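Trainee: Chain by chain, the residues:
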Amino acid sequence: MTKTNPGRFFEDYTIGEIIPHAVPRTVSGGERALYHALYPARHALHSSDEFARASGLEASPMDDLVAFHIVFGKSVPDISLNAIANLGYAEGRWYLPVWPGDTIRSESEVIGLKENSNGQSGVLYVRTRGINQNDEIVMDFVRWVMVRKRDAANPAPETVVPDLAASVAPDRLVVPSGLDFSGYDFTLAGEPYRLGDYKIGEIIDHVDGLTVEEAEHMMATRLWQNTAKVHFDVTARPDGKRLIYGGHIISIARTLSFNGLANAQMMVALNAGAHANPCFSGDTVRAWSEVLDLAETPAPGVGAIRLRTVAHKGEAGDHRLKGEGGKYLPHVLLDLDYWALIPA
Amino acid sequence: MTKTNPGRFFEDYTIGEIIPHAVPRTVSGGERALYHALYPARHALHSSDEFARASGLEASPMDDLVAFHIVFGKSVPDISLNAIANLGYAEGRWYLPVWPGDTIRSESEVIGLKENSNGQSGVLYVRTRGINQNDEIVMDFVRWVMVRKRDAANPAPETVVPDLAASVAPDRLVVPSGLDFSGYDFTLAGEPYRLGDYKIGEIIDHVDGLTVEEAEHMMATRLWQNTAKVHFDVTARPDGKRLIYGGHIISIARTLSFNGLANAQMMVALNAGAHANPCFSGDTVRAWSEVLDLAETPAPGVGAIRLRTVAHKGEAGDHRLKGEGGKYLPHVLLDLDYWALIPA
Amino acid sequence: MTKTNPGRFFEDYTIGEIIPHAVPRTVSGGERALYHALYPARHALHSSDEFARASGLEASPMDDLVAFHIVFGKSVPDISLNAIANLGYAEGRWYLPVWPGDTIRSESEVIGLKENSNGQSGVLYVRTRGINQNDEIVMDFVRWVMVRKRDAANPAPETVVPDLAASVAPDRLVVPSGLDFSGYDFTLAGEPYRLGDYKIGEIIDHVDGLTVEEAEHMMATRLWQNTAKVHFDVTARPDGKRLIYGGHIISIARTLSFNGLANAQMMVALNAGAHANPCFSGDTVRAWSEVLDLAETPAPGVGAIRLRTVAHKGEAGDHRLKGEGGKYLPHVLLDLDYWALIPA
Numbered sequence: 001m002t003k004t005n006p007g008r009f010f011e012d013y014t015i016g017e018i019i020p021h022a023v024p025r026t027v028s029g030g031e032r033a034l035y036h037a038l039y040p041a042r043h044a045l046h047s048s049d050e051f052a053r054a055s056g057l058e059a060s061p062m063d064d065l066v067a068f069h070i071v072f073g074k075s076v077p078d079i080s081l082n083a084i085a086n087l088g089y090a091e092g093r094w095y096l097p098v099w100p101g102d103t104i105r106s107e108s109e110v111i112g113l114k115e116n117s118n119g120q121s122g123v124l125y126v127r128t129r130g131i132n133q134n135d136e137i138v139m140d141f142v143r144w145v146m147v148r149k150r151d152a153a154n155p156a157p158e159t160v161v162p163d164l165a166a167s168v169a170p171d172r173l174v175v176p177s178g179l180d181f182s183g184y185d186f187t188l189a190g191e192p193y194r195l196g197d198y199k200i201g202e203i204i205d206h207v208d209g210l211t212v213e214e215a216e217h218m219m220a221t222r223l224w225q226n227t228a229k230v231h232f233d234v235t236a237r238p239d240g241k242r243l244i245y246g247g248h249i250i251s252i253a254r255t256l257s258f259n260g261l262a263n264a265q266m267m268v269a270l271n272a273g274a275h276a277n278p279c280f281s282g283d284t285v286r287a288w289s290e291v292l293d294l295a296e297t298p299a300p301g302v303g304a305i306r307l308r309t310v311a312h313k314g315e316a317g318d319h320r321l322k323g324e325g326g327k328y329l330p331h332v333l334l335d336l337d338y339w340a341l342i343p344a
Numbered sequence: 001m002t003k004t005n006p007g008r009f010f011e012d013y014t015i016g017e018i019i020p021h022a023v024p025r026t027v028s029g030g031e032r033a034l035y036h037a038l039y040p041a042r043h044a045l046h047s048s049d050e051f052a053r054a055s056g057l058e059a060s061p062m063d064d065l066v067a068f069h070i071v072f073g074k075s076v077p078d079i080s081l082n083a084i085a086n087l088g089y090a091e092g093r094w095y096l097p098v099w100p101g102d103t104i105r106s107e108s109e110v111i112g113l114k115e116n117s118n119g120q121s122g123v124l125y126v127r128t129r130g131i132n133q134n135d136e137i138v139m140d141f142v143r144w145v146m147v148r149k150r151d152a153a154n155p156a157p158e159t160v161v162p163d164l165a166a167s168v169a170p171d172r173l174v175v176p177s178g179l180d181f182s183g184y185d186f187t188l189a190g191e192p193y194r195l196g197d198y199k200i201g202e203i204i205d206h207v208d209g210l211t212v213e214e215a216e217h218m219m220a221t222r223l224w225q226n227t228a229k230v231h232f233d234v235t236a237r238p239d240g241k242r243l244i245y246g247g248h249i250i251s252i253a254r255t256l257s258f259n260g261l262a263n264a265q266m267m268v269a270l271n272a273g274a275h276a277n278p279c280f281s282g283d284t285v286r287a288w289s290e291v292l293d294l295a296e297t298p299a300p301g302v303g304a305i306r307l308r309t310v311a312h313k314g315e316a317g318d319h320r321l322k323g324e325g326g327k328y329l330p331h332v333l334l335d336l337d338y339w340a341l342i343p344a
Numbered sequence: 001m002t003k004t005n006p007g008r009f010f011e012d013y014t015i016g017e018i019i020p021h022a023v024p025r026t027v028s029g030g031e032r033a034l035y036h037a038l039y040p041a042r043h044a045l046h047s048s049d050e051f052a053r054a055s056g057l058e059a060s061p062m063d064d065l066v067a068f069h070i071v072f073g074k075s076v077p078d079i080s081l082n083a084i085a086n087l088g089y090a091e092g093r094w095y096l097p098v099w100p101g102d103t104i105r106s107e108s109e110v111i112g113l114k115e116n117s118n119g120q121s122g123v124l125y126v127r128t129r130g131i132n133q134n135d136e137i138v139m140d141f142v143r144w145v146m147v148r149k150r151d152a153a154n155p156a157p158e159t160v161v162p163d164l165a166a167s168v169a170p171d172r173l174v175v176p177s178g179l180d181f182s183g184y185d186f187t188l189a190g191e192p193y194r195l196g197d198y199k200i201g202e203i204i205d206h207v208d209g210l211t212v213e214e215a216e217h218m219m220a221t222r223l224w225q226n227t228a229k230v231h232f233d234v235t236a237r238p239d240g241k242r243l244i245y246g247g248h249i250i251s252i253a254r255t256l257s258f259n260g261l262a263n264a265q266m267m268v269a270l271n272a273g274a275h276a277n278p279c280f281s282g283d284t285v286r287a288w289s290e291v292l293d294l295a296e297t298p299a300p301g302v303g304a305i306r307l308r309t310v311a312h313k314g315e316a317g318d319h320r321l322k323g324e325g326g327k328y329l330p331h332v333l334l335d336l337d338y339w340a341l342i343p344a
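Protein chains in written order, with the UniProt record's numbering: chain X, 1 to 344; chain D, 1 to 344; chain B, 1 to 344.
Any given hint might turn out to be false.
[Said to hold, decoys possible] The list that follows gives simulated cross-link-like pairs (lysine to aspartate or glutamate, DMTMM-like), each with its CA atoms no further than 20 angstroms apart:
| no. | chain 1 | residue 1 | chain 2 | residue 2 |
| --- | --- | --- | --- | --- |
| 1 | D | Lys3 | B | Glu11 |
| 2 | B | Lys114 | B | Glu11 |
| 3 | D | Lys229 | B | Asp205 |
| 4 | X | Lys3 | D | Asp205 |
| 5 | B | Lys149 | B | Asp12 |
| 6 | B | Lys3 | X | Glu315 |
| 7 | X | Lys313 | B | Asp318 |
| 8 | X | Lys313 | B | Asp233 |
| 9 | D | Lys3 | B | Asp233 |
| 10 | B | Lys3 | X | Glu202 |
| 11 | B | Lys313 | B | Asp293 |
| 12 | B | Lys149 | B | Asp163 |
| 13 | B | Lys3 | X | Asp239 |
| 14 | B | Lys3 | X | Asp293 |
| 15 | D | Lys199 | D | Glu109 |
| 16 | B | Lys322 | B | Glu290 |
| 17 | X | Lys322 | X | Asp335 |
| 18 | X | Lys3 | D | Asp180 |
| 19 | D | Lys313 | X | Asp239 |
| 20 | D | Lys3 | B | Glu315 |
| 21 | X | Lys114 | X | Asp163 |
| 22 | D | Lys229 | B | Asp239 |
| 23 | X | Lys3 | D | Asp185 |
| 24 | D | Lys199 | D | Glu290 |
[Said to hold, decoys possible] Far from chain X by the CB rule (all over 10 angstroms, computed), these chain D residues:
| no. | residue |
| --- | --- |
| 25 | Leu38 |
| 26 | Arg93 |
| 27 | Val175 |
If you are wondering where the hints come from, they were derived from the structure by calculation, not from laboratory data.
Just so it is clear, the structure is predicted and the values come from calculations on it, not from any experiment.
The beta carbon of each residue, even a glycine, is placed where N, CA and C say it ideally should be.
Let the hints inform the model, and build the full structure from the sequences given.
Mentor: If you want it as C-alpha cells, here you go:
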C-alpha cells in the first residue's frame with residue numbers, strides 16, 4: 001500500500017462534508033518581503049506600517065492575496081490534485097486582515113456535486129475557509145473544479161448545484177475594524193483619485209508589462225505550499241511546459257493595477273474569476289480594469305469599488321475579452337471580478 | 001600580496017586544529033519564508049507556530065536543514081574552497097533547534113588527514129560545529145573532502161583516519177527539550193502514519209518531481225553564504241555549467257519526502273551522505289526513501305525513524321541505486337542516511 | 001483622461017521644488033534575508049546581531065544599499081520614468097542606519113536644470129532623501145539624469161548647474177552613533193586587514209564571478225519597488241532584452257568586494273558613480289577595487305577607506321577602465337566611488 005497522497009476523486013466527496021486541510025502556516029515579514037519581490041506590489045497600506053496606522057489599523061496587514069494564496073494552496077491536495085480544470089470562484093470575502101505572526105489553516109465544505117454527462121468526471125463545488133490561530137475565519141470563497149472519477153462505472157451522486165450570488169452585495173462587504181480613510185494621504189499613496197473620480201464603465205489600462213520567469217512562479221507557488229505537479233515538473237504535461245499557477249496571474253494583475261488604481265487598497269470580496277487561458281514562462285503579462293460598480297461603506301471615508309481586472313498577453317491597450325461564441329480570446333489569461341476599498 | 005582568500009591547501013591543516021569560520025548569521029522569519037519559497041517544505045512543525053506549541057515547543061523552529069546549510073556554508077571558505085570532491089558525512093547530530101533571532105557561527109576541528117598515493121591531494125576529515133549566541137552547540141557533523149596540495153613535493157602528514165560510526169546509535173539521538181507528540185494532530189500534519197505504520201525495508205516513492213532553475217539554486221546557496229565559485233560562475237567549469245550545491249539537493253529530497261513521510265518532522269541525526277552525481281539546472285529531481293531502522297525515544301509519543309532518502313533524475317519509481325562494481329548509477333544524485341523524529 | 005502615471009518630462013520640474021515620492025516601505029528580516037539570497041552579502045555587521053552589538057550597535061542594521069535602493073526606487077516614478085540615461089551620483093551620505101521595523105519614505109529636491117542643445121531633452125539634478133518614521137533623514141544623495149522634453153518647442157528653463165563636491169570630505173562622514181571597532185573580531189569578520197594595511201593606489205581583485213539571471217534582477221528591482229519598465233518587460237526595448245537595474249550591479253559589486261575588503265563594513269558616503277555599460281542576464285559580473293583615500297574618524301577604532309569599486313564582464317584581473325578618448329571600455333559595467341568604515 002502506498003503512503004503517498006493520490007488525491008481524491010469525484011466519488012470521494014459527499015455533500016455537507018467538511019474537509020480540514022493540512023499544514024497550517026505562520027506568516028512573518030518574510031512572506032511580505034517575498035510578496036514584494038515576486039510581484040510589483042505597491043499599495044501603500046500593505047507596504048507601510050505608518051500608512052496603515054494613519055488609516056486606523058495597528059500595522060500593515062499582509063497583502064489580501066497572501067491570505068487567499070495560503071488558504072487556496074492548502075486546499076489543493078484535497079480538492080484539486082486530480083482536477084481537470086479550475087472552473088470558477090464566487091462569494092469570496094475577506095473578514096479579518098492577516099498580520100505577521102498569525103497562523104492560518106484552511107478547510108473546505110462540499111456544497112455541490114454534479115456528474116458530467118460522459119460519466120468520466122464531475123463538477124465539485126466547495127466553500128473554502130481560512131481560519132487563524134484564534135479560530136476566526138479570515139476569509140472564505142467558493143470555487144468549483146472539474147474532478148476525474150476514479151471509475152466511470154461508479155454511480156453518479158445526487159446532483160446539487162449551489163445557488164451562488166453573481167456578486168457580493170455591497171452591504172455584505174466587511175470593512176476591517178478601525179479602518180478610516182478620512183485623513184488619507186493621496187501623495188504617499190501615489191495617486192489622487194478617490195471613489196468619486198471613477199465612473200461605472202470606465203476602463204483603465206495599467207500600461208506596465210511583466211515578463212514572467214520559471215523561478216519566480218515556482219517560488220511563489222511553493223511559498224503558498226501549493227503542491228500541484230503541473231507547476232513544478234516539466235514531465236507532468238505532454239508539452240514539457242510548466243503551467244503557471246493561476247493565482248500567480250491574479251497577483252500579477254492585481255499588482256500591475258496599482259498604476260491607475262493605487263488607492264484601491266484592500267480587496268474585500270471576490271465576486272467571480274476565470275483563468276481564461278494558460279500562462280507560461282516567457283509570456284509578458286499586462287492588465288486592464290473596468291469599473292463595474294461603486295458603493296459606500298459605513299466606515300469613515302471608506303468607499304468600495306467593484307472592478308473587473310483582466311490579465312492578458314500581447315499589446316497594451318487591447319481590451320477585447322471574448323470572441324465569437326462567447327469564448328475568451330487566446331491572449332486573455334484572467335478575468336477577475338472583485339470589490340476593493342478606496343477613499344470615498 | 002593579495003588580500004583575497006585563496007583558500008587552504010592540504011598542507012595547511014593540522015590534526016587537532018580548530019578553525020573558527022567567519023561571518024556569523026542571525027536568522028529571522030525571512031530565512032524561513034525563503035526556505036518555503038525555494039523548497040516544497042511542508043512539515044507542519046516547521047510551518048506553524050501553533051503546531052509547534054501543541055508539540056511542546058515555544059514556537060516553530062527553523063527547518064533543521066537551515067541550520068545545516070548555515071553551518072556548512074560558513075565552513076566552505078576554510079575547508080572546501082580548493083576541494084576536488086565532497087566525499088562523505090558521518091556522525092551528524094542536531095542538539096538544539098534554531099529559532100528566529102538566533103545567531104549562528106561555526107567552527108571545524110581537523111580530525112583526520114590522509115594523503116593520496118599520487119601525492120597531489122589528500123583527504124581531510126573535519127568535525128564542523130554550529131554554535132549559537134549562547135555558546136551552545138546547535139549541531140555538528142563530520143565531513144571529509146578531497147583537497148588539493150599546494151605543492152606535490154611537500155611531505156605527507158602522518159595519516160590519521162578517524163574511527164567513525166556507521167550510523168548514530170538511537171540512544172545517542174537528542175530530542176529537543178519539551179517535544180511531546182502524545183497529542184499529535186495527524187490531520188493537520190497531513191498524513192495518518194506513525195512509527196508503527198512503517199516497516200524496516202519498506203520503500204516509499206515520493207512521486208513528485210521538481211525541475212530546478214539557476215536562479216533558485218544560486219539564491220539558496222547565497223542565502224547560506226556558501227562561496228564556492230562553481231555554483232555561481234559559468235566560467236568556473238570547462239563545460240560552462242553551474243554545479244548545483246549538494247545541499248540544495250538534500251533540501252529538495254527532504255522536502256519532496258513529505259509525500260509519504262509527512263510525520264517525519266525533525267531531522268536529529270545525519271548518519272551518512274553521498275552526492276552521487278552532479279545536478280544541473282533543468283534537471284527534474286525526484287526522491288524515494290527506504291526505512292532503515294525504527295526506534296523509540298524517552299520523549300512522550302516521540303519515535304525515531306532511520307531513512308535512506310535518495311534523490312535522482314529520470315522516471316519516478318526507479319529505485320535502482322548502484323550498478324555493476326558498486327558505483328552509483330548516473331541518474332542518482334544523492335544517497336542520504338538520517339534519523340528523523342516521528343509520532344510513536 | 002488616463003489615470004495612469006505617464007511620468008514627468010523635463011518641462012515639469014522647477015528649481016527648488018520638493019517632490020514627495022509615494023509608497024512608504026516598512027522593512028523587516030524578510031528584506032534582509034532576500035538581500036542575502038540575491039547577493040553574496042557577507043559583511044559581518046550586516047549579517048549578525050551579535051557582531052553588531054560587539055561593535056556598539058543595538059542590532060544588525062539593514063545593509064546600507066538596502067536603504068539606497070529603497071530611497072532610489074521610490075524616486076523612479078517621479079524622476080526617471082522618462083529618463084534617457086542615469087548620468088551620475090554625488091554627495092551621497094548615510095546618516096542613520098535602517099533597522100528592521102523602520103518605515104522609509106523618500107523625497108527629491110530639484111537642484112539643477114540644463115536643457116540640451118538639441119532642445120529635445122535636458123539634464124535634471126535632484127537631491128533625493130530617505131526619511132524614516134521619526135522624520136529623520138537616513139540618507140541622501142544627488143543624482144542627475146537626462147530626461148525627455150514633452151515638446152521640443154517648449155522654452156528652455158534658466159540653466160542651473162549645482163556645484164557638487166568631487167567627493168565627500170572625510171570630516172563630513174557620519175559615523176553611526178555608538179559604533180566602536182576597538183574590540184573588533186577580525187576572525188569572525190573574515191579577514192585580518194585594518195585601515196593601515198591598505199595603501200592609496202592599491203588594487204584588489206575580488207576574484208569571484210557571478211553569472212546573473214532574469215529572475216534574480218527582477219526580484220531585486222521589484223523588492224525596492226522600482227517601476228522602470230525596461231527592467232521587467234521584454235517588449236520595452238527594441239532588442240527584446242531586459243536591462244538590469246544599475247543598482248543591482250552596485251550591490252553585486254559591493255558584495256563581491258567582500259573578498260579582499262571584508263572589513264570595509266559600512267558604506268557612509270557615495271562620492272560618484274557611473275553605470276558605464278548595460279548588463280543583461282547571462283553576463284558574468286566580476287569586480288575590483290582601487291584604494292583612493294584613507295582617513296580617520298572620531299569614533300573609537302573606526303577608520304574610513306575611500307574606494308573605487310569597478311564591476312565588469314569578462315576575465316578576472318582585467319583592470320582597464322577607459323579607452324582612447326576617455327570612454328569606458330565596453331566590458332566595464334560600473335565605476336563607483338564611495339567611503340566605507342573599517343577598523344583603524
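Trainee: If a hint holds in the structure, say so; if it does not, say that too.
Mentor: How the hints compare with the structure:
no., hint, verdict
1, Lys3/D / Glu11/B, "violated, 50 angstroms"
2, Lys114/B / Glu11/B, "holds, 11 angstroms"
3, Lys229/D / Asp205/B, "holds, 15 angstroms"
4, Lys3/X / Asp205/D, "holds, 8 angstroms"
5, Lys149/B / Asp12/B, "holds, 9 angstroms"
6, Lys3/B / Glu315/X, "holds, 19 angstroms"
7, Lys313/X / Asp318/B, "violated, 43 angstroms"
8, Lys313/X / Asp233/B, "holds, 12 angstroms"
9, Lys3/D / Asp233/B, "violated, 41 angstroms"
10, Lys3/B / Glu202/X, "holds, 11 angstroms"
11, Lys313/B / Asp293/B, "violated, 26 angstroms"
12, Lys149/B / Asp163/B, "violated, 24 angstroms"
13, Lys3/B / Asp239/X, "violated, 40 angstroms"
14, Lys3/B / Asp293/X, "holds, 17 angstroms"
15, Lys199/D / Glu109/D, "violated, 37 angstroms"
16, Lys322/B / Glu290/B, "holds, 15 angstroms"
17, Lys322/X / Asp335/X, "holds, 10 angstroms"
18, Lys3/X / Asp180/D, "violated, 24 angstroms"
19, Lys313/D / Asp239/X, "holds, 19 angstroms"
20, Lys3/D / Glu315/B, "holds, 19 angstroms"
21, Lys114/X / Asp163/X, "holds, 13 angstroms"
22, Lys229/D / Asp239/B, "violated, 31 angstroms"
23, Lys3/X / Asp185/D, "holds, 17 angstroms"
24, Lys199/D / Glu290/D, "holds, 9 angstroms"
25, Leu38, "violated, 7 angstroms"
26, Arg93, "holds, 26 angstroms"
27, Val175, "holds, 22 angstroms"
In this structure, the hints that do not hold are numbers 1, 7, 9, 11, 12, 13, 15, 18, 22 and 25, in rising order.
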